[in-house]
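Engineer: Using the sequences and the hints given, assemble the complete structure.
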Amino acid sequence: MRALTWHGKHDVRVDTVDDPEILNPRDAIIKITSTAICGSDLHLYDGYIPTMMAGDILGHEFMGEVVETGARSTLKKGQRVVVPFTIACGACYHCGKHQYSGCENGLPADNQDIGQELYGQPMAGLFGYSHLTGGYAGGQAEYVRVPFSDVGPIVIPDGIEDDKVLFLSDILPTGWMAAENAEIEPGDTVAVWGCGPVGLFAVQSAFLMGAERVIAIDHFPRRLELARRFGAETINFEETDTAAALFEMTGGIGPDAVIDSVGLEAHGFFVDNVLDQLKKSTFLGTDRIHSIRQAILACRKGGRVSMPAVYGGFVDKFPLGALMEKGLTLKTGQTHVQHYMPALLNAILEEKIDTTFLISHTLPLEQAPQGYKMFHDNQNEVTKVVLKPGRALAAE
Amino acid sequence: MADTMNRASHDDAPLSTANNQRQAIDEATDSLIVQRGDTLVARAVTINRPRAELYAFWRDFSNLPPILDNVVRIDVLDGERSHWVVRSPGGGTVEWDSRITEDREGELIAWASEEGADIPNSGRIEFRDAGNRGTVVVATINYAQPYGTFGRILSRIFQREPKMQAQRDLRRFKQLMETGEVATSSRTRKQLEEERS
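Residue numbers (this note's numbering), protein chains in the order written: chain A, 5 to 400; chain B, 2 to 198.
These are computed hints drawn from the structure, not numbers from a lab.
Quick caveat, the model's predicted, so the values are computed rather than measured.
Glycine included, C-beta positions come from ideal geometry on N, C-alpha and C.
Treat each hint with caution, since some may be false.
Listed below are several chain B residues computed to face chain A (Cβ distance under 7 Å; list not exhaustive) [what the hints assert, rightly or not]:
1. R88
2. R173
3. T180
4. E182
5. S186
6. S187
7. R190
8. R197
9. S198
Structural biologist: So, in structure tokens, the structure goes:
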């Protein structure tokens, strides 16, 4: 099959590799029809994530058609499914509590050591995101092997196009969980740092949950424009003193809830975190947490801090005192995608949520390297690149 | 639970986590297991399955090679004795005969190697009810470090250090019992064979 493979910094290629096979009873093989490049894929592209190996297949936002099933898969050939980016077993204690990203069986046993060292316990596996998260081949390919296919993938009814449901795989549930963690009450003002896909979906979700006002903060004009389209007020942090503006815009009270969807923008394990961990590079930790620090200081007393943004290691100058003195609640975590998928699919089918506005570019899989380059070089115009493996075949 | 109490340090933590390992081994081998060396390893894992099921799986030693990474073969000799062939850090294999020293159905299995073992070892695996979380499984292993310091360095390099190995083996046991399969990130059967060889 053809697959987008990683070879080094700014070097991704579409190679011909062996097709995936059913290896465990609960596996399914999915023929990919749509797959997106995530902002966090750019950190693999930039060479920041350790334990990448030449030839690794990238991609953790994908959907397609079931073409093969293991003996214990509940899927049927021909079904269309969206696959969650987290690999969770559905049988362990954490899956039982719907805390799927804490699944204890998603990672191969040998890959669990590093998480245990860094965080005390290993986390779930992820598709296409280095060997720290399991070394699973990703979905920017013609086919992918999906473990625990009886638990993760959600079946999509016929007649609804890929672009409407593709983002159920990661960024829509992530934006939704961010808003849920902000525990929004009717009449609330919510401030959102970062208008990438997760931030924009958090803006949408916050309004759906009853927020009266949402204030969106970014520096890309095109992304601020998208936030404005959903009814958000905007702050361009390059032109405005964000802290002062939030204070004035809320009559001196501060937002009731704040959402940091900037962070390190990677799915954990950013290289400077690991360096931080080794105490070799502590200076890097100091300014990278700017958004969460500003959010905590801006939040009203007794308010809620939601942090969908990914942090991987230790930080310096974290305003722990403000968190305590102001009595704030902090909620965070990798997304429990499997928990949110059914309700969000319904919201899409009922046309309460539309995510297609985000897609700025659609390319055949064969042009994935150009997709990475344009996404990397122009984040203002390029808000989301969707790859179509089927289209690549047709072009051949 | 009382028999795992760390009496010397006056707390309830498992013996294997004591700072004073010498004292811990003395205590453990006093009541828990037969002494076979100067290294004590113990790991606990919670498995979301009933105690009886986990005990029954483990009691049939022929079930174990797929979850015990370094075990090449286990020959069950009779109801109490078995012959173990295990990969050694250097690349060859080591062997021993093992005899069950205590067996309480649904609760615990203890064993000790017999005379002439390449690596003298003993241990026990316990199964304790954990309410709606299933069963807490605790493995305790006592063994003689082969080839002294050199062997220790070698086994770390080849990732066959028993402490790490015990943890990984228990994770595989948990995966198989909870999900019915051992997780792998291989993409093809060929990769899987290479990974498991």
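Engineer: So which of the earlier hints does this model not fit?
Structural biologist: 1, 8, 9
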